[in-house]
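S.K.: The chain contents come next:
There are 2 protein chains.
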Amino acid sequence: MNLTGWRTYLVTQSDRSAGRDTEEIVEAAIDGGVDAVQLREKGRSARDRYELGCRLREVTAAAEVPLLVNDRIDLAAAIDADGVHLGQSDLPIEIARERLGSDAIVGCSTSTVAEAEAAEAAGADYLGVGAVYGTASKDVPAEKNGIGTEPVATIADAVEIPVFGIGGITADNVRPVIEAGATGAAVISAITAADDPAAATAALDEVIADAR
Amino acid sequence: MNLTGWRTYLVTQSDRSAGRDTEEIVEAAIDGGVDAVQLREKGRSARDRYELGCRLREVTAAAEVPLLVNDRIDLAAAIDADGVHLGQSDLPIEIARERLGSDAIVGCSTSTVAEAEAAEAAGADYLGVGAVYGTASKDVPAEKNGIGTEPVATIADAVEIPVFGIGGITADNVRPVIEAGATGAAVISAITAADDPAAATAALDEVIADAR
Numbered sequence: 040m041n042l043t044g045w046r047t048y049l050v051t052q053s054d055r056s057a058g059r060d061t062e063e064i065v066e067a068a069i070d071g072g073v074d075a076v077q078l079r080e081k082g083r084s085a086r087d088r089y090e091l092g093c094r095l096r097e098v099t100a101a102a103e104v105p106l107l108v109n110d111r112i113d114l115a116a117a118i119d120a121d122g123v124h125l126g127q128s129d130l131p132i133e134i135a136r137e138r139l140g141s142d143a144i145v146g147c148s149t150s151t152v153a154e155a156e157a158a159e160a161a162g163a164d165y166l167g168v169g170a171v172y173g174t175a176s177k178d179v180p181a182e183k184n185g186i187g188t189e190p191v192a193t194i195a196d197a198v199e200i201p202v203f204g205i206g207g208i209t210a211d212n213v214r215p216v217i218e219a220g221a222t223g224a225a226v227i228s229a230i231t232a233a234d235d236p237a238a239a240t241a242a243l244d245e246v247i248a249d250a251r
Numbered sequence: 040m041n042l043t044g045w046r047t048y049l050v051t052q053s054d055r056s057a058g059r060d061t062e063e064i065v066e067a068a069i070d071g072g073v074d075a076v077q078l079r080e081k082g083r084s085a086r087d088r089y090e091l092g093c094r095l096r097e098v099t100a101a102a103e104v105p106l107l108v109n110d111r112i113d114l115a116a117a118i119d120a121d122g123v124h125l126g127q128s129d130l131p132i133e134i135a136r137e138r139l140g141s142d143a144i145v146g147c148s149t150s151t152v153a154e155a156e157a158a159e160a161a162g163a164d165y166l167g168v169g170a171v172y173g174t175a176s177k178d179v180p181a182e183k184n185g186i187g188t189e190p191v192a193t194i195a196d197a198v199e200i201p202v203f204g205i206g207g208i209t210a211d212n213v214r215p216v217i218e219a220g221a222t223g224a225a226v227i228s229a230i231t232a233a234d235d236p237a238a239a240t241a242a243l244d245e246v247i248a249d250a251r
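Protein sequence lines correspond, in order, to chains A and B.
For the first sequence, our numbering begins at 40 and goes up steadily by one.
For the second sequence, our numbering begins at 40 and goes up steadily by one.
Isolated chain A (complex conformation) (with noise of 0.2 Å):
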């Protein structure tokens, strides 16, 4: 699967949503050019996340938009999302392959060399690294939260792979991230948060294609 196309990548959150609904900011997103979809909403149930699965997968699939689903692969299968997301403590990527085929988009969180070689080696789409900046997402301990660009360049190069930069990227901070060799950026608050979705997505975008 080849994504090199991907640009803008929405990881949802709602309760990073200012109230808003996910289908909303979904559909936000995609009238501001998303690539992608990930239905993330750590802290949730799996029936609530399966219930939200399905009805993103209808507004995504009609607007042919990729939804992928954070770590389970089973969620992933019942909702007919297009993938899956694993972290390094998710069930390991060729169980993924295993269950949703050769079609199926593979993601896997990386934050050093060895580990991105491992996660393509395995066979991953694509890898998200971070967190870049530093993020509110996740309780990560002091010395990961915010490993800069640096991190990116090198797992960059010794990959084929796609690379997506992850956490605390915004408009105004992602330009170096491309530079440093991300085919893209994979982001939550600058969308979910944002006052105009749509417009926050088309700004990411933007900036994005130009530092291409």
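No wet-lab data here; the hints were simulated from the structure.
Only a predicted model underlies this, so the values are computations on that prediction, with no experimental measurement involved.
Treat the hints loosely; a few may be bogus.
Claimed, not checked - Here chain B is said to cover these stretches of chain A; the calculated rule only asks that three of the stretch's residues, wherever they fall, bring their Cβ under 8 Å from a Cβ of chain B:
(1) 113 to 124
(2) 128 to 135
Unchecked claim - A partial selection of chain A residues facing chain B, derived with a Cβ cut-off under 10 Å:
(3) SER84
(4) ASP87
(5) ASP110
Said to hold, decoys possible - Partial pick of chain B residues on the chain A-facing surface, computed with a CB cut under 8 Å:
(6) LEU114
(7) ARG136
(8) GLY140
Positions of the beta carbon are idealized from the N, C-alpha and C atoms, including for glycine.
Starting from the structure of chain A, add chain B where the hints point.
M.R.: For chain B alone, kept in the frame of chain A given last:
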């Protein structure tokens, strides 16, 4: 899948196993005559559960004891488990059946007749009902912490599939659960925290057999 032969059903939780390996507990429970094992391990990563699950699959397959997985259909498939046990906020039973096939064992946690009837209609093979005596396993609201044997009786009357009591059950208090109509008991601490898990399994099994 007819599970009326199951009496004693071990649910694993490594942090309640007095520092012993879960494989060791499962092997002892098999020696004591356990009828089924569920990989639970709440709070551990999917990767950790997968690695432990692969080891438990070897131990249980060698003894021809069914192995189920709590919550996750993908993990059940990944370790070639015999089935999955779903809670009310997990993915729907129909999804598990679709993904794991007609031979898979699908169980469901229920605490009301409405939930029990819905689970049976959706294709569950058995029900877990509780917490019968209250349990240290979950943070449950006070009013649900210890529903007693009355709901076990009501639910066992309402459905055809086997009902297993769960929550605070030991060899000393299992008799009224079986007399209320439960087929058997699902336990964590009564086996995992016992000085002699094999003897504890055998003791529980003997009371259940006698009370039927």
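S.K.: Hint by hint, which ones does the structure fall short of?
M.R.: 7 and 8
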